[in-house]
Structures are given as C-alpha cells and as structure tokens.
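Visitor: Below are the chains, spelled out letter by letter.
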Amino acid sequence: MKNLHSEILFNRPVNDRYWKMAVDVTALEESVRPGQFFHIQCSDDWRNLLRRPFSVYKFDRRTRILEFLYLIKGSGTQALMKKRPGEMLDMIGPLGKPFSLPAGDASILLAARGVGVATLHALAQAVPAEGRRAIAIVSAQKRDDLLAVDDLRQSGAQVYAVTDEDGTSTMDQVGKLAEMLIEDYGISAVYTCGSKRLAKLMQNLATIHNLYAEIAMEAHMACGLGDCYACACPIRKEKGIEAVRICSEGPVFPLRQAVLS
Amino acid sequence: MTWRPDLSVKISKLMLKNPIMPASGTFGTEMSPFIDFNRLGAIVPKSITLNERSGNKGPRICEVEGGMINSIGIQSKGIDYYTEHIIPDFAKYDVPLIASISGDTIDEFAILAERLTGIDRVAGLELNISCPNLRNNGIAFGMDEKTTNELIRTVRQVTDKPLIAKLSPNVTHIQDTALAAEKGGADALTVANTFLAMAIDTETRKPKIGNLMGGFSGPAVKPLIIRLIFQVHQVTSLPIIGSGGAMTGQDVIEMILAGASAVQVGTANFMKPAAMLDIIDEIADYMMRHHIDKIADLIGKIDLE
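Going down the list, the protein sequences come from chains A and B. Note that the numbering used here gives residue 73 to position 73 of the first sequence, counting from 1, and the numbers run on in steps of one. Note that the numbering used here gives residue 232 to position 232 of the second sequence, counting from 1, and the numbers run on in steps of one.
Looking at chain A on its own, in the form it has when it is part of the complex (with noise of 0.2 angstroms):
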C-alpha cells in the first residue's frame, strides 16, 4: 500500500446518481486485486475532512489505469465529482482483504444491489483469466440504476438484471433465480454486496448448496488502515460475536460470519 498522488484520466456521470472515475496508478508496484479498496481525499475542505473509502471497479494491469464506480451520496462524493481530468488525486491503497476463490474451475455466482455492484465488477473481471464464468443478479430500485450490467457483459459475466421498478427484485424471486442458477451453472462459489437482505438469501442458499460463500462489506472509515477502530462492524467467530475491523480485517469476509439481523 502507497499513499498515493494519481491523476485523473476521467470523472463522468454514469446515470443522475452514478459516476465513474479513472486514474493512473503507475505509481503503484504491487497487484491491486479485486475486493481491495483505496482510501481516497475527496477534497481539501475541512467539511470533509476524512478520507472515503472507494472498491475497486476495474484495474487494468496493463495500462495501470484504475477506475471506481461511485454513488453521490454526501458531500465528499459531490465535491468529488467536481474533479475534472489532469488533476491529482489523493489516495491511499490498496487496502483491504481481497475475495478468494475456491479451488476448481466452476463458474462463480455474482449477487449485488446499487452500488454493491461496483466490487463484484472487479470479480467478474478478474474471473476469465482463471479459467471460469461469472453470472451475476443485479438488482436495482430503478432500471436507470441497474449499474454496470453493460460492463458486466464486456467481461464475460452472463447477467440477469432485476428491479424493484419492474416487480422482479423480491426475495422470492431473485431467490428462485438463483437456486436455478446454482442448478443450471453448477456454481461453486457466490459473493454479495451491497445489501443484507440479498446477503441473507445468498447465506441461507450456500448452506443449503454448500457453497464457498464471501461478502464484501462497508463502513464509515477514519484511518482505513486498522489503527483507530471506527469500522468495527460485528462478525461471527469461532468465540462468538465479534467487533472486527472493515478496512484491514475485511471488506471481504466469509458469508457465513456476517451477522445481518
């Protein structure tokens, strides 16, 4: 990990909501792999003071261009989009746990909701290189917001978009898709983001399939790096309930820990 100082290549809406940002990470030497954050200074106004953290959207190990899909949320992500090509931006990373994949070469099942969507990106594009498939369900409220489904396809993933706009997102039936997904794809593996309920129905499936199983999870950060404890977010060990840290501990955890009642 690098404090970094990277330039931007570009910073655009993606709908009214979403935007998406690439910068040069030349800079860096080591892999950045997906799951893996950076912690990012959205502006020099002490109204935003502490750093954001960002997943990783796309990394292109070639060009070393780094992108992040992001949701404007609050003030440091508006004074975020307010970045314009040619500047420099702050940024310390990667951090984090990255996902893992189980040994085989089974296809892998993608479950996300709005912006969640953004790490299992980097999954999905990270996934043909070993040799296997991704199939995603993304849901979203709006089909404006069914982010990414287009890149999705680009890399290779097969997707199935639901919305809340459309009457298809429910428990039931984005879980009847999935059991037929396990079924028809002899998935091995699922990960999740972006939503408890979706992340319950994905804990509840790979118990009963027997799937490797990890969540990618988020919290309101201050160091990022593991030092100050404002991420603890309570995850289920062998001793019982836990408070672990998000940023270095995770974001990625086995789905299974995750407490989401």
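Don't read these hints as lab results, they were simulated from the structure. This list has only true hints and no planted wrong ones.
In silico DSS-like pairs for lysine-lysine, Cα to Cα no more than 30 angstroms straight-line:
1) B:K272 to A:K20
2) B:K77 to A:K196
3) B:K77 to A:K237
4) B:K206 to A:K142
5) B:K17 to A:K2
6) A:K97 to B:K92
7) A:K196 to B:K208
8) B:K206 to A:K73
9) A:K200 to B:K57
10) A:K2 to B:K92
11) A:K2 to B:K272
12) B:K272 to B:K208
13) B:K17 to B:K301
Following the hints, position chain B against chain A.
Guide: Below, chain B alone, put in the same frame as chain A:
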C-alpha cells in the same frame, strides 16, 4: 554544516527529541509503511484496558464541519495482549513509549499501572481519565476534581513511572481538575481529550453516532484547546501536552506559546498518515524563520504586553 534548531523537550523524566507524538487511539503499527516512527517525539499506542472490551456499537464515527465525532468505546484486547504483542511491536523504535491506560474503576487503573511499571520499555503512563465514550452522557473520572485526585493518588502509590493525566475538556473550570491531578501526584497533564458532542441526520432523524454521543475532535476544536492550555499553564508549572485540533506546525507553535511543552496529533493522522512528519518539518521551518534555537524556549511565551 547547516544549523538545525533544537526541537527537544522534556516531559517530567522523559526526554523527547521533538514535541510531536500521536494522540492515543489515532495511531498504530499499521501506519508504519507511511511514517518513520523513529522521527517521532514519543509513541502513544491506543488506550489499553485491563480486560478485553468489544467497544461501542456503530456507527462509531461521523464527519462534522471542521472535525469528526467518534465513539469507539476503547475496543481493546486487554493488558496481556498489550504486553505480549503491542509493546514488543514498538520495541524496535528508539522512541519513548507512553502507555495510555483506561479503566472502569480506580482499582483497574492501579492494576494496569502496576503491571506496566515492571516493563522497562514503557517510559511513561498516560491516564485516560477523560474518555467520553465509556458511560452514559459522557461521564468520565476527569470531570470531577475529587475523583481525579483520588485516582491519581492511588496510581501514584504503585508506580514511579512518569504519570500524565489526560484531562477532560468537558468541565466548567479546568484549572480545578488540573490542580487536583497535580496534588494527586501527576507529573504532566494532557490538555485535553475530545469534547462531548452529538449530531443528528436530518433526513432520517437518527443520531449519527450509534452510542448517541461521542467525542468531537479536529481543527475546529483548536481555539478551545488553546484556551484550555493557557488556563492550565497559568495555574500549574507541570508540563502540558496539548491535544486537540493540531493539523500543522503552526498549530503546534500556537499551543506551545499558550503553554504546551509537547503536542499530540490525532485527527490529522486520519487525513494524512504522514501528517506528524510534515508537522515536525514545519516546526523546524518556523524556528529557522524566527531564529529560535530551542523550541523549549518558546513554551508559554505568548506576548501579553
């Protein structure tokens, strides 16, 4: 050879190569890729408690204008882990280690102090009697002068290590608790801890901190801390460690002029992991610009004429 100003300061028996140290809870070994710990005046690991504590429920922090509110609740693995892992982790650095201790009772403070007294690597003890996140409504030992005095007197009996009392800013008259700590046997005072605060999300009407209230820190509190340092310095000759809102070398100089001998850097570490090194360089620049040989000569030198 170019002339370099002397940044060394003395806190009781502790000789620090410069006045900069981290504020407890904002620093740890995870920062080592970004900062050479050997350049710091002192190292202060996160407060330790006797037994394991899981900390408070989230959200544990929120950002506010000019700062942040935290209510971590001293998540801690207990004293055994601290002596077996945390102290050895810092052993390779040639910098005094100040152990910050916290407890639910006066006895717990005393037990911790006794345990740490036997460890040579521990150069001093900071008594965190002012964490606002352990009990309802931010009540802390350091809000009452009698309790402050009794606590420090009790700990004083079990240790000869330098004792630094971290005072609470959440009091009407900080001079009273400062003097109570001095009479109890404190060797130095940290002025101060975070300010008890609250924030509400107007969209959801929910408190922004899971534990309702938390401690406010960051650049916005600096003028309050300058005032507190000044007030404490006027009533006691004990060395003062300023703590609250220092983001730059100039902020540190301001605290020193108000009466601080050393300064803790907290929230700035979150913005920039190498903040303390930049601050040390900025202090040296200031001294060269003003032809000041020794930083210690500047302590309390506010010009009131």
